[in-house]
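Trainee: Here's the letter readout for the chains.
Number of protein chains: 2
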Amino acid sequence: MPDPNRHAFEPALRRGLYEAIFRRRDIREFVSTPVAEEVLARVLTAAHHAASVGFTQPWDFIIVRDLERRWRVREIFEAERNKNAASFSDARREKFLSLKLEGILEAPLNLIVTCTPDRFGPGVLGKSSIDEVEIYSACLAVGNLWLAARAEGLGVGWVSILRNDALREVFSIPAHVIPIAYLCIGYVKEFPERPVLETLEWAERLPPRSLLHFDSWEGDGARGDALKAAIDDSSIWNGIIATGQRRTS
Amino acid sequence: MPDPNRHAFEPALRRGLYEAIFRRRDIREFVSTPVAEEVLARVLTAAHHAASVGFTQPWDFIIVRDLERRWRVREIFEAERNKNAASFSDARREKFLSLKLEGILEAPLNLIVTCTPDRFGPGVLGKSSIDEVEIYSACLAVGNLWLAARAEGLGVGWVSILRNDALREVFSIPAHVIPIAYLCIGYVKEFPERPVLETLEWAERLPPRSLLHFDSWEGDGARGDALKAAIDDSSIWNGIIATGQRRTS
Chain A
1 MPDPNRHAFE PALRRGLYEA IFRRRDIREF VSTPVAEEVL ARVLTAAHHA ASVGFTQPWD
61 FIIVRDLERR WRVREIFEAE RNKNAASFSD ARREKFLSLK LEGILEAPLN LIVTCTPDRF
121 GPGVLGKSSI DEVEIYSACL AVGNLWLAAR AEGLGVGWVS ILRNDALREV FSIPAHVIPI
181 AYLCIGYVKE FPERPVLETL EWAERLPPRS LLHFDSWEGD GARGDALKAA IDDSSIWNGI
241 IATGQRRTS
Chain B
1001 MPDPNRHAFE PALRRGLYEA IFRRRDIREF VSTPVAEEVL ARVLTAAHHA ASVGFTQPWD
1061 FIIVRDLERR WRVREIFEAE RNKNAASFSD ARREKFLSLK LEGILEAPLN LIVTCTPDRF
1121 GPGVLGKSSI DEVEIYSACL AVGNLWLAAR AEGLGVGWVS ILRNDALREV FSIPAHVIPI
1181 AYLCIGYVKE FPERPVLETL EWAERLPPRS LLHFDSWEGD GARGDALKAA IDDSSIWNGI
1241 IATGQRRTS
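Here the protein sequences come in this chain order: A and B. So the first sequence is numbered by the numbering used here: it starts at 1 and just counts up by one. So the second sequence is numbered by the numbering used here: it starts at 1001 and just counts up by one.
One chain only, chain A, in its complex shape (with noise of 0.2 Å):
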């Protein structure tokens, strides 16, 4: 049989997916000047092209420049991070009402990603019981949305603070279609080193080994000691990617 590794991407190549992954942020400060189209066409691209169920690529990309519908944009998010500070304790409230958490005004363009269930018909190739396939699939397109734009050293910034029906009203979305992720794009300053909420101490990386089950979601005996030493051994990005590229924390 023939080499089952001849699949695997040279380590050049390899290294430049990592690199994305590794260095992809949550931005939230952005510098004014234009995205090309051409830039932005690529990346678009990227997003078409995850795997979708049924190959039914349920999504949907709103291109957002209009200043005017922005600021309604960012009504809504005012009011939503009200409510979201609300359910925290006090310290905890004060550093979040500190947080920058948007530049919807700031960077030179906004984009939605929708999703569209049943886009042609309801018979979807792939889904029985779990009715959130598509919406699966859509997130796959923000994904490689969001590390196309990393290597083509655009920012992205998703903002969750919102309301779903007041999006579909201030940009006619129908009732049937789901706006799933709210994203503001441009270029930036800088690439934070590590997460913001990791710098600021709101949360920590969890130790990857940590979240590994074997067979059962109870069972972590000797059967995966292989595979914690492994994902704990930074020697496994030899050749592939340099230390100081990989932030495990």
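To spell it out: a stretch of chain B is covered by chain A in this simulated footprint if at least three of its residues, at any positions, have a beta carbon under 8 Å from a beta carbon of chain A; those stretches are:
{"#": "1", "stretch": "1014 to 1023"}
{"#": "2", "stretch": "1084 to 1098"}
{"#": "3", "stretch": "1123 to 1136"}
{"#": "4", "stretch": "1178 to 1190"}
Anything over 10 Å on all C-beta distances counts as not near chain B; from chain A, calculated:
{"#": "5", "residue": "71"}
{"#": "6", "residue": "74"}
{"#": "7", "residue": "75"}
{"#": "8", "residue": "94"}
{"#": "9", "residue": "100"}
{"#": "10", "residue": "105"}
{"#": "11", "residue": "106"}
{"#": "12", "residue": "117"}
{"#": "13", "residue": "193"}
{"#": "14", "residue": "222"}
{"#": "15", "residue": "242"}
Hint data in this document are derived by calculation from the structure and do not stem from the laboratory. From the three backbone atoms N, C-alpha and C, an ideal C-beta is built for every residue, glycine too.
Could you slot chain B onto chain A? The hints should help.
Mentor: Relative to chain A, chain B alone:
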């Protein structure tokens, strides 16, 4: 102001990312060659570095090798496949039933990605009215995993024709944890040039320009002409990726 473009990756690194995106496939035919722990460790680390709302990292990974449990999953799949089949008209149902849609038993490993909402308590930064945000994050982890697997030469197939309550029972997953993706993973004889469902004429790749909207759902006036022209122009990939590697259809 410094050139904001300075954060863009050099073309060879961008190529690595775009090749992973364009050459990724949903795989249902595997060879039995075991997956090295070091390769699996890299793929899982990539998944763990996905974006997550409020840096919650809501995912867990159940690595499944146990054959008895996989037989049970296969049985759940068979029942759900019949349910899925019933949603199609006669001709389409026949085609559907002829498709191989999973590699649960042949693949050297299966892997479940789950989502634990409110992992650190009820207050989640970024979660106000949109309750599914952590599920979206778990999907991004699946996306990273899938791309990293492709770069490592590993095929991944997402089996969505399942039932979450049944998966919870087989793998002792707690009631508050949501199974998001049931994946079959392994080396392959080949990565098809096109998505299998496209080759079999189950569905067609949508023209990307048809998915673009400008400033509102109904907005597709002249504002979008430059972007639509760019997205149709193969020269935007010059110097980044060879035409043969980029499957727009």
